[in-house]
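Using the hints, position chain B against chain A.
Number of protein chains: 2
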Amino acid sequence: MLGDLIFRQLFDKGSSTYSYLLADSDSREGVIIDPVKEQVDRDVSLIRELDLTIRMAVNTHCHADHITGTRLLREKIGSLSMISTTSGAKADRYFDHGDVIRFGSHSLEVRATPGHTNGCSSLVLDNDVAVFTGDAVLIRGCGRTDFQEGDSRMLYKSVHEQIFTLPDSCLIFPAHDYKGRSYSTVGEEKKFNPRLSKSEEEFIGIMSQLNLSYPRMIDIAVPANLMCDYIGE
Amino acid sequence: MLGDLIFRQLFDKGSSTYSYLLADSDSREGVIIDPVKEQVDRDVSLIRELDLTIRMAVNTHCHADHITGTRLLREKIGSLSMISTTSGAKADRYFDHGDVIRFGSHSLEVRATPGHTNGCSSLVLDNDVAVFTGDAVLIRGCGRTDFQEGDSRMLYKSVHEQIFTLPDSCLIFPAHDYKGRSYSTVGEEKKFNPRLSKSEEEFIGIMSQLNLSYPRMIDIAVPANLMCDYIGE
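Chains as they are written, first to last, in the numbering used here: chain A, 1 to 233; chain B, 1 to 233.
The following block holds chain A by itself, in its conformation from the complex (with noise of 0.2 angstroms):
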């Protein structure tokens, strides 16, 4: 779907999550971002056919709404469970604002877009081809900033100053979508986000006034992947 890249979007539907693998068609090598606990039978079926070598399962940030499949994933295959430092969850490896992760011939540029939380980043695929934005950029929407480290003035500088300065054809994965969309371009998000296309005080009026319930998995999820689900270990 992209160049030479194999590429694979996944879906939880439980928790609306969208994960990715992606991988060089050549040396088979790639990651895995985003993994979901409940679909990891799912994802090393699929791994083991398309016979690639994950050695690193990416967290874009420290999930409040369903468990990582970054411990099963790496007692299953042997993959690595990352993280960005600023997340303050316990991980395998760790990466900051700039570090670059390399696989075959390809890489993500790590960007740290805080707001939602404190160590949420993004990654920038290749030549600016594409961005995993978890939950900083959704499509038409954003992560919450009303629990974790939730801060919308953050979340704003973050989006504009880290996704927004991408090119309009680069394409955005979100962490998730409620409504069946799969991704959309940074040229469709500066134009049609209902929220960050806003003014500044206008989007932090906006996240103020959202109500919206407690997150049903929290308490259990946010104290798992703050271990990356290494609890007990």
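Be careful, since some hints might not be right.
[To be verified] Simulated pairs of lysine-lysine, DSS-like, Cα-Cα distance not exceeding 30 angstroms:
| # | chain 1 | residue 1 | chain 2 | residue 2 |
| --- | --- | --- | --- | --- |
| 1 | A | K179 | B | K76 |
| 2 | A | K157 | A | K190 |
| 3 | B | K76 | A | K198 |
| 4 | A | K37 | B | K190 |
I should point out that these hints are in silico values taken from the structure, not numbers from a laboratory.
Positioned in the frame of chain A, the structure of chain B alone reads:
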């Protein structure tokens, strides 16, 4: 995602149905494949934001699990409903094996792939880049053959003659996936499809022993879809 084609895969969670929006990035003309009635507002919103002219709304077959969105789309954006002649369903336009549906510089070649229903059609994009298989080939599965005009032998022949003869690299976009996988390839399904990779007689045996439950929506969806939802007009 696919060269200069505007392409969006869209999901209906209720029926696990994939719809596809395809358009030429220059002329902005396009088609929508297998729209779902409940998702028409989402689809129209995206079509308008992307500034597309969708003149054709194509049904790969007469679905038993959801009601087509093609009638509502005609009301809202003037697109014509299309389905194969062999479906026996009513629509604004009909197509047959070998027909070519053109939009801008792109095309969809119609291949008759009966077996799940008599009128099932697959649509091959441009130079065998991708195929929209409806319910003929699903990811690691296929459409059931135990209701409507289901015929396992016919389905096996259709898939092996019309789909598995495409290049291994050809992407398969099905009408459904129940495990959150977004697409497959011809090479993968030839190798890993637990039903269709088997011999014809094994396939017929497998299909006769699935013991599936009666489709929840069939008594509402099939009569509606046989009229492309133009009931009472």
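Here's how the hints hold up against the structure:
no. : hint              : verdict
1   : K179(A) - K76(B)  : 20 angstroms, holds
2   : K157(A) - K190(A) : 13 angstroms, holds
3   : K76(B) - K198(A)  : 28 angstroms, holds
4   : K37(A) - K190(B)  : 29 angstroms, holds
Hint compliance for this structure: every hint is met.
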